[in-house]
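Q: From first to last, the protein sequence lines stand for chains A and B.
Counting from -16, one number per residue, gives the positions in the first sequence under my numbering.
Counting from 19, one number per residue, gives the positions in the second sequence under my numbering.
These aren't lab readings, by the way, just hints derived from the structure by calculation.
Treat the numbers as computed from the prediction; the structure is a model and nothing was measured.
Mixed in with the good hints, there may be bad ones.
Straight line, CA to CA, 20 Å or less: simulated SDA-like cross-link-like pairs of lysine to any residue [said to hold, decoys possible]:
| no. | chain 1 | residue 1 | chain 2 | residue 2 |
| --- | --- | --- | --- | --- |
| 1 | B | Lys26 | A | Glu94 |
| 2 | B | Lys21 | A | His115 |
| 3 | A | Lys122 | B | Lys26 |
| 4 | B | Lys21 | A | Gly119 |
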Amino acid sequence: MSRLQDKFKELAAQNKKGLVIYLTAGMPDIQGTIDAVKMAEKSGADIIELGIPFSDPMADGPIIQAASYQAIQRGMTLPKVLDLVREIRKFTQVPILGMGYINNMLNYGFEKLTVDAREAGIDGFIIPDVPHEESGEMKQLCKKQGLHLVEFVTPGTTENRIKETCTTADGFIYCVSVNGVTGVRKIDYTPINNVIENVKKQTDTPCAVGFGIGTPQAAQEAAAKSDAVIVGSAVVKLIMENRMEEAAGLISDIRQALDEKVK
Amino acid sequence: MAKGRFGKYGGQYVPEIVMPVLTELEAAYEKYRNDPDFLAELKSYYMEYAGRPTLLYYAERLTKHYGRAKIFLKREDLLHTGAHKINNALGQVLLAKRMGKKRIIAETGAGQHGVATATVAALFGMECKVFMGAVDIERQKLNVFKMKLLGTEVVPVTTGTSTLKDATSEAIRYWAAHIEDTHYIIGSAVGPHPYPTMVRDFQSVIGSEIRQQLLKETNGRLDYLIACVGGGSNAIGTFYEFRNDANVRKIGVEAAGRGPAVGDNAQTLSNPASRPGVLHGAYSYLAQDDDGQVIEVYSISAGLDYPGVGPEHAMFHDEGTVKYVGINDQEALDAFQLLSREEGIIPAVESSHALAYLEKLMPQTTSDEVVVVTLSGRGDKDVQQVAKALGEEL
Chain A
-16 MSRLQDKFKE LAAQNKKGLV IYLTAGMPDI QGTIDAVKMA EKSGADIIEL GIPFSDPMAD
44 GPIIQAASYQ AIQRGMTLPK VLDLVREIRK FTQVPILGMG YINNMLNYGF EKLTVDAREA
104 GIDGFIIPDV PHEESGEMKQ LCKKQGLHLV EFVTPGTTEN RIKETCTTAD GFIYCVSVNG
164 VTGVRKIDYT PINNVIENVK KQTDTPCAVG FGIGTPQAAQ EAAAKSDAVI VGSAVVKLIM
224 ENRMEEAAGL ISDIRQALDE KVK
Chain B
19 MAKGRFGKYG GQYVPEIVMP VLTELEAAYE KYRNDPDFLA ELKSYYMEYA GRPTLLYYAE
79 RLTKHYGRAK IFLKREDLLH TGAHKINNAL GQVLLAKRMG KKRIIAETGA GQHGVATATV
139 AALFGMECKV FMGAVDIERQ KLNVFKMKLL GTEVVPVTTG TSTLKDATSE AIRYWAAHIE
199 DTHYIIGSAV GPHPYPTMVR DFQSVIGSEI RQQLLKETNG RLDYLIACVG GGSNAIGTFY
259 EFRNDANVRK IGVEAAGRGP AVGDNAQTLS NPASRPGVLH GAYSYLAQDD DGQVIEVYSI
319 SAGLDYPGVG PEHAMFHDEG TVKYVGINDQ EALDAFQLLS REEGIIPAVE SSHALAYLEK
379 LMPQTTSDEV VVVTLSGRGD KDVQQVAKAL GEEL
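Bound-form chain B, shown alone (with noise of 0.2 Å):
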């Protein structure tokens, strides 16, 4: 019988070649994930490298300008690296030590996952290479020359639409060619089981420490969740601890792009004219045309930029446990801005999704309901692009 699935979804669907290592990684994982060394190593590294745990910001002004319910941001763009990325990178690595791995290989789209790999990679004296898209290669200079500095090969993926689904088909190329030394470390909460729950319980330590930091802050109260959703790693994170709670409303937001027209978007869940299919591994949502291509999907933020979708959300959306929703390009932006003034806090574009559902959310709430938005990442390497979005020359 299958394994890993979430309700119809997930699954393993991928090449003979592949499947000796998967079950070899399931076993290790099954080993460990409970293993009180394994959980202490881990911990340590989250606190002692990574800044774990990170701050729930009560952002007062933001709460002010909408006047209605109280704002606390889940800060994981104060985690070293700037992103939640890290959480799952010193996850897998510390298992691919343990499995005794020699090599570590990942896929990036615009290169943060690519960078948090590379830094564990450094951190734990293991050789790198991270597969990425020509064409992303081309749009994130910074991010190629981080990895290279940190002594990972960056492959060029040529194939294709030369972007993150090429490279990640490309990494898997690769690992099948060399299972016997090699983890994947796979960057989203996406690919054939155990990958998908690996990622989730790597990251669920975001909504773990919202439970506990709440406690202390509101007394426990939570109403709304909030968190942006690409492949859903920081979302499913940030979901996973408070899925049963049905008192607290979870919204997922997927980037809406610059238009409902195929192509112009890059929503699976929020998007009516998505439906299942298989890519990478997993059965899950899929934007893909009518012949059943997989198609090159958009966003101003290339980490939502991905046709697939994590399993365990598909199954949140079917049940209804979480909601999906869409934001596009320019009501972003307008996020990324209004948080920088309120709050002196820079966002990543991704996570300005999120931060922008509270201009549709807002209204709607009361003075004594609390929301928690995940700030997933930090805005630095964002600023570029958003001020030629905004016309400015640099």
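Next up, chain A with everything else stripped away, as it sits in the complex (with noise of 0.2 Å):
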């Protein structure tokens, strides 16, 4: 059993939802990632999802963009995660996920980056631009040193991939839940719950819904169907302008928001 997989036993166990955090890896800097990761699980993040910040993130809306933007900028690369990884296992054992594309991890050497990964103490990689069909090689690698590749499904994802995807998937599935990029907006969350449902059917690896979420009504809704809710572009905002303790603020909320909503 993996970080991960206990964690989400644990959950289960209390019948509790889950809270992923996502934290844009050297923001505002490399302490400021280690202080950001202790404030969100003090604050009742179970999970964290790590970015390691690339060029042209296709996937992700304005405010992650800018953070990763600003990342580089400021000298973090995927070496420097790892290392931010290490920092980080020295005070919990909270489970972390690497987030990032597929290109710093080739030009590292996915193998290599496997065995390093796993030592550091990640759990897992979310590739956003390795869609199942691109995924086989990459899951052999990552099964054998105990790492989760996490699969994704939206709203349009058709019966067939579903179906191919929930036989593959473990750690979690990312629902994302619309079309589009990471950013806080209103969603309506009636499509990708039915996937949910469907996606229940055939498989107990746990459901996570992304994208959007911002709010603790919105986690509220998003956590409906699923284990887990995502947060994040709108964490980042507020690390991005220093404003720690309201960070801080909204993540409890939202805990808050799911724990009754389960009550």
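Both chains are given apart, each in its own frame, so use the hints to dock them into the complex.
A: Here it is in structure tokens:
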């Protein structure tokens, strides 16, 4: 069992919804990211999605694009992200997933990355520009190191693709709430909820809903059918503006909303 | 198994959101690529609207200038909108129409592909948005105005480096949010499958016509084929027909800019420092730094100024099917002036890179040999910039 699987098991046993918080590695700086992880966990985050900055983040909206760009300008690199995780592992066993684009990883060497990531304390990867079709070899390499490679479904994912994804999915399934990119906005969760219901019939792998969730109310709505919600841009925006206490407040409010919902 | 591979290159490295629409596009393209009605309609637009077939012009004075092999120019510069880009834009808009799409989007750097797309959108009465880096909008005001005149909305992109690669990412993001009613016309033979194949097919009319036309001009003889390479659409369109003709030496000319240092050129294949990676959905050669961040490349020619290259070129490079070389800004400027003076043809600064390679090639040729250079576009758009580079005040 991995840290991630243990966490979902623990959440299920407590009848709680999971809260995944996305943080861009290197924002506002390396120490700032370490502080942000501590803050997020203390405020109620169950899982950390650590963004590995890329120059051309195709699936991200304006906030995370800007955070990635600034982190690169400030010298963040993939090896430094691994060092950052080693530092984080000195104080917490919170599950950490590296979220990044495939080019940095291929450049590092994917096999070497899986070995080094495991040693550093990463539990798996989320790679938005690697759809199911392209994931085969990477999935194998991750598995060899006991790492998860998270797969995606969206409101437009066809019946057949859902089926295929469910047979290989592990860790959790990233359920993209809406067609588009990351960033806070009002979303109708009905289409993705229908997809989640379909997924649930085919696999026990937990479902986490992400994209657009920035308020406690939105988190409650997104958690209706899923096991967890992912909050990114809303938190990253506050961190970029050095409003760490407000970020902590937002995470606790979302935590509370998720816990109330289940009670 | 991954689809759309050229050897190990290509593929579909896109967010899951885009996969259904790529699958839809792939199915539509498979259905229509050999459909007689589709091909007949495309051909009629090529002939009646764009001005195909384009001339294969014997450049007698340029030939005399070098005093060696016979030089022919494939005159894509004579097409409507002034470059080969219209071949692809027409093919894709016809496909979009058959797929029932209401809106066209595109990315553009210099604005040539943007103008071609805006043109076909106007022709078919479709809504059109073109994504363009804020830096490029400032550099290419004339093309921005042309697009507006054609009824297109030009969307400024201010993320990243505010240039072509960022405009491409932004177009993909917009597409992801509007997949139901929108078709994305990628301007070069890049991007996820099926784009590199589809763009190549729509551009390969260039090579097919060259083969036909040479039958009459040289009894079919061809020794050298030269085209410039940015993303590589006019080059793949030129070379594809001749890919199995081992006796035809194919040369792709990249922009060597102002020097070999990182960021000073736009060479992805002819630069020993560049290596494969993934950008905008495809695995191909890529200009990137040690950490795998895509770098901003440079060329005097905005149309060659792209950090990636089409995946089929990457395969041709590895196989040795095509030789890729670099021509710097100054060499291109010299060729720009030479063709203007010798033949009364002002070439695009992109195409001038292909022409400039003649300086290196011609001394090795003999008078019985035949060289064809694809003149991908005309140089009106570049006159102001070239004047500036030559120190002239306009």
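Q: Going straight from one Cα to the other, do B:Lys21 and A:Gly119 come out at no more than 20 Å?
A: holds (13 Å)
Q: Given the proposed pairing of B:Lys26 with A:Glu94, does the C-alpha separation stay at or below 20 Å?
A: holds (18 Å)
Q: Holds or violated: A:Lys122 with B:Lys26, Cα cutoff 20 Å?
A: holds (18 Å)
Q: Is B:Lys21 close enough to A:His115, meaning Cα to Cα at most 20 Å?
A: Given pair B:Lys21, A:His115 holds - Cα atoms ~12 Å apart, limit 20 Å.
No hint from the list above goes unmet by this structure.
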